[in-house]
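For chain U, the structure is supplied; the task is to place chain G on it using the hints.
One letter stands for each residue in the lines below.
Protein chains: 2
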Amino acid sequence: MLEKYDYLGIINDRLNNILRLENGNAGLIEPIRYSVLGGGKRIRPLLSIASGRINAADFDAVLDIGCALELIHCYSLVHDDLPAMDNDDLRRGLATCHKKYDEATAILVGDALQSLAFEVLSAPTLNLPQESKLKIINLVSKASGISGMVGGQLIDLYSTGQELTLTILQNMHAQKTGALIRAAILSGYLCGSAFSLDKYNTLSQIADSLGLLFQIMDDILDVTQSSHTLGKTANKDIINDKATYVSLLGLEEARGIADELYREIITDLSRLKNSAMLQEIATIVYKRNH
Amino acid sequence: MLEKYDYLGIINDRLNNILRLENGNAGLIEPIRYSVLGGGKRIRPLLSIASGRINAADFDAVLDIGCALELIHCYSLVHDDLPAMDNDDLRRGLATCHKKYDEATAILVGDALQSLAFEVLSAPTLNLPQESKLKIINLVSKASGISGMVGGQLIDLYSTGQELTLTILQNMHAQKTGALIRAAILSGYLCGSAFSLDKYNTLSQIADSLGLLFQIMDDILDVTQSSHTLGKTANKDIINDKATYVSLLGLEEARGIADELYREIITDLSRLKNSAMLQEIATIVYKRNH
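Quick mapping for you: the protein sequence lines, in order, are chains U and G. In this text, residue positions in the first sequence follow the working numbering: the first is 250, and each later residue adds one. In this text, residue positions in the second sequence follow the working numbering: the first is 250, and each later residue adds one.
Isolated chain U (complex conformation) (with noise of 0.2 angstroms):
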């Protein structure tokens, strides 16, 4: 898969890069890189890439602007596993920031990386026009804050242990995981130099299925693969009592759900020109099994 677009070395190269260890205080640099480079499937980068493909987006910014949306996801993993969130202790195979540093260190990582993306985003080196970047910078400081993904990980913490609704369950991930994936395929079409209402909207609409698809999928593989394969713990969702579309509806029927999405994503994206990149995308989140 996506061997024909091999761009994880560059994405990691990268992030290497922006966090490079003269770049500041060095007791902070060390463990923001252990958060950020110590793996990832790098989805974010990879779908604001493709999405650019769609409407020949210069590389060099979407790739800043798919890894300024990597730093956003990494800073939120970082204070999801703290104690008073989720409290976990391995993450991608190794041990969680809070775990290897300490607390403080992992609150004051995920800060810096949030203030990093907009560093990275309003840099005057990108090379994107001025309202383009204003615009990306508004798109992904909503995704990640109190309507986003913020707000949908409050929402998750306060349900733990409680009966969900299908609706508020879909909410929930729509703002938690569902909003940063959204911005990384927005804000990819944005950095090119056509503005098509009509196609902003198509993507837009197959965004959000993707995102429900990769939170299904995310389910179903809590429950069916190991710790091991997963790079964290498996069952967690069980251990912790939260509702998942496999809780709700069984493994079969979430299956059938993602199957039914994963048909309607290719379907749509069919229809857009060079889209063949975000397809294979849409094809790895259908069928990864970590």
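Just so you know, these hints were derived from the structure itself, not from any lab. Since the structure is predicted, the reported quantities are computational estimates derived from the model, not experimental observations. Note that the Cβ used here is the ideal one computed from N, Cα and C, for glycine as well. Mixed in with the good hints there might be a few duds.
[What the hints assert, rightly or not] Listed below are several chain U residues computed to face chain G (Cβ distance under 10 angstroms; list not exhaustive):
hint	residue
1	276
2	333
3	368
4	390
5	399
6	402
7	521
Same frame as chain U, but now just chain G:
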């Protein structure tokens, strides 16, 4: 003081408006409002407004920039108060966010406030040229992150109980509080239409001195005022065994440096037209008792 420039009500109204209840997840907005609207001197927005006057800046724009900086300041207070950090129960005379709610909420409140600051700075309705917006976003993100506020906080945490040189102490505060004060002053100036590199550099230097004065006065107040007057725990630095200007230099020498910094700031400002409000703020910083 500042009665001629009574902006406190206007700043609080604007913050109140930015944090409207209908703007997202109620479970998150309420603790955010508690953490932001429960008081505070609003030094950063006042600085942006005052500095904007030097460059005939649009008032609504400079107000929003100042409020965005206040959101970042408030997020840093919420995170700094956490048990894993300074472990404080009292802030502005009220229970700290994690005491009033819980730790997870306090972490998310801080995270969401940072996103919201960048949402305000990148808002299409913000009446500034795109170039100015991007310059300000880049300035604020740098001032907040690894080499700014968060970097300084890490140095602070890991220097507790250790002997510090005056240089390290100064460097720590230049990052921890100085960077955001500098960003407030410089971004206020950037809201005006004219740009003189000379004035910008002068303001940058004044901002550094004012940040330092602010910190030295904080250290002096910590040992000379009651918890009641401060609205936060007094003698906190001694209790936490933290190096301060007072612990390193003694009260008298710390006062002497503050006197000299204040004189310098007023002399430098008196050379800039329309700097009366900035001079008044410097006087408040110098003469405040909490």
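Ascending list of hint numbers which this structure does not respect
7
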